[in-house]
Amino acid sequence: MSPAIETHELCRSFAGVAAVDGLTLDARPGEVLALLGPNGAGKTTTVRLLDGVLRPDRGWSRVLGADPAVDGDAVRRRTGVLTEAAGLDDRLSGVENLVLPARVRGIDEATATRRAHELLGRLGVAALAERAVRGASTGERKRIALARALLHEPEVLFLDEPTSGLDPVAARDVVELLATLAGEHGRTVVLCTHHLAEAGRLAHRVAVLDRGRLLAFGRPADLAAELWPGVEADLDLGGAAAPATLAALRSVRGVLDVALTVDGARVRVEGRDVLPAVVAALVAVEVPVYGAVTRAPSLEDVYFALHSQAVPAVPPPAAGVPRAPSSPAEPRT
Amino acid sequence: MTGRAPAVDRAAVRALLRRDLVAVRRSKAVVIPMLIVPVLLLVVLPLLIGLGARGAPAPDLTRFLDSLPGDLAAPIAGLPSHEQLVVLVLGYLLAPLFLIVPLMVSSVLAADAFAGEKERRTMETLLHLPVRDRDLFLAKLLGAFLPAVAISWLGFLAFAVVANTVAWPVLGRIFVPTPMWLVMILWVGPAVAALGLGVMVRVSARARTTQEANQLGGAVVLPLIFLAVGQSSGLLLVTLPVALGVGAGLWAIAVLLLGRGARRFTRDRLAASV
Ligand SMILES: Nc1ncnc2c1ncn2[C@@H]1O[C@H](COP(=O)(O)OP(=O)(O)OP(=O)(O)O)[C@@H](O)[C@H]1O
Ligand SMILES: [Mg+2]
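Respectively, the protein sequence lines represent chains A and B. Read the first sequence against the numbering used here and you will find it ends at 333, with the numbers running on by one and no gaps. Read the second sequence against the numbering used here and you will find it ends at 1274, with the numbers running on by one and no gaps.
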């Protein structure tokens, strides 16, 4: 299946400073791809490049088979964008903010109005349908803008920080909503965010960006496997492990790493089948084991590990020296 | 692809135009000056002047008319002396003042359409629509130009009614539109609207807010207003051929400015400046 979105060595700079620098990635039809990265990583610029609003300095991209730099209108007819700033006209009502752009897209007035009411209702902002949006809250604006991005039933949806500025409850609502929307009609979604939980919840694959460069790209589990070999497990020992216990753990064959936690220890082992030996070793030294649970590294672990690689501590590592990934197994304070 | 420019997407332009007009009608800061200025200039002022000129004892205008360029004075000098003042003021001197209306309406609307879009942070939404840069630009131009011409023509209609009514007791006939007025509304007025537009398009590319655009634009537009005021107060006198020529010159400058504006109005440039 040909990708819905594909970029190759995409570059764009502003006044000599690279905003997107050699970006190569793709998204399959129906996939949710998260662009993760700190402020200024190049997420918004990437969306603008993919929608043909900005032109690349170098490299190319294809969205639904068309090159946005060449045939932007063909791309934009089939995409919907929730921009970072909702971009609503305060003087217009919720429905007008949806219907007027829909008219530009060639949707007739009656259909546009009907869909606008439906969507605003579904997104929980029906109260703003007939009222000027001046004074609407950030969350309400996001929802109206999201409705606008969806009204023409785009095949590709770009969501630039859909939950920024929302309170936790509103953010969760929007994420749940996106989870259902993303699956609909095999729609491809590009989600820009710095909320890792949101990306973890919604995205099939993540692209981690930093200062315009792609740090990593793939499924969160694959990225974690690349960063950290083996399996991690939390051992509940009823209290922080004693030094002797830690030593006993280290002596087990197949244990890669051991770290202290508040209620016991965290071990990294070569594979799941090492765990029984770990438990046996503890029993042998008469340490009670209340639980042993394998733990998949979270997207958060991956993200922080990647960023600590990308922003090396001074002095920077010499070229050629392999960078040691910081282990998520270190005890948290 | 052929070398010819693709046809204008009329439906999209119409939809964009409608969006701007619907929004702008709700904007007090835009609507109020657009109503007050034409009413003051084209209804209140001619009413006062007309009543004043009618009530005053007929002054001797021969000396004044002698000082005017021949073809300006000719149609007036031939009139009975009690008619001269009213016809001179309402039929000729006031005509250039009328130009302030299309100039102001088009620049206020253009500032809202270009700089205002940036200020409200709604420009990016437009850039993500499937419309060609050129069609978007065209829609924004028409959104300022058409109302400017429409309002100035409506204003002129109101003026014609007021002027003919107040002058009726003196003249007993309809005297507006004079040829000078026709040149102003049909030729110079639209040119001035286009010029205001051209200036504001240029200025809005730099300005961050509507207010800033209006200030910058005002610096360019104000001298033109002074010229118009100068003419109407008799300091500066424009004859018909001069008015036609001035109109042509204004059109040329406007077309030049708008052409440059169109070339600079690209998505990439706009997106990079939002
Ligand atoms: N129009 C522009 N003019 C100048 N610099 C720009 C422009 N757009 C982006 N940049 C720069 O490019 C870099 C990437 O910006 P971008 O907005 O794509 O980041 P982002 O990942 O979306 O950040 P955020 O999370 O803050 O939204 C930043 O350093 C930014 O300052
Ligand atoms: Mg951004």
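Please note that the accuracy of each hint is not assured.
Stated by the list, open to error - What follows is a list of derived Cβ distance ranges for each label pair: (1) G1249(B) to D90(A): 33 to 43 Å; (2) V1161(B) to D90(A): 56 to 66 Å; (3) A74(A) to R1025(B): 53 to 63 Å.
Claimed, not checked - Sample of chain A residues at the chain B side, in silico, Cβ under 7 Å: (4) R48; (5) L92; (6) E109.
Since the hints were made in silico from the structure, they are not lab data. Cβ coordinates follow ideal geometry from the N, Cα and C atoms, glycine included.
Consistency of the hints with the structure:
1. Checking the proposed 33 to 43 Å range against G1249(B) and D90(A) shows it holds: the Cβ atoms sit about 40 Å from each other.
2. Distance hint check: the CB atoms of V1161(B) and D90(A) are about 37 Å apart, inconsistent with the given range 56 to 66 Å.
3. Between A74(A) and R1025(B), the C-beta spacing of about 34 Å breaks the proposed range 53 to 63 Å.
4. Taking 7 Å as the C-beta cut-off, the interface hint given for R48(A) holds, the closest approach to chain B being about 6 Å.
5. Look at L92(A): its Cβ gets to within about 6 Å of chain B, closer than 7 Å, so that hint holds up.
6. Because the smallest distance between the Cβ of E109(A) and any Cβ of chain B comes to about 10 Å, over 7 Å, the interface hint for this residue is violated.
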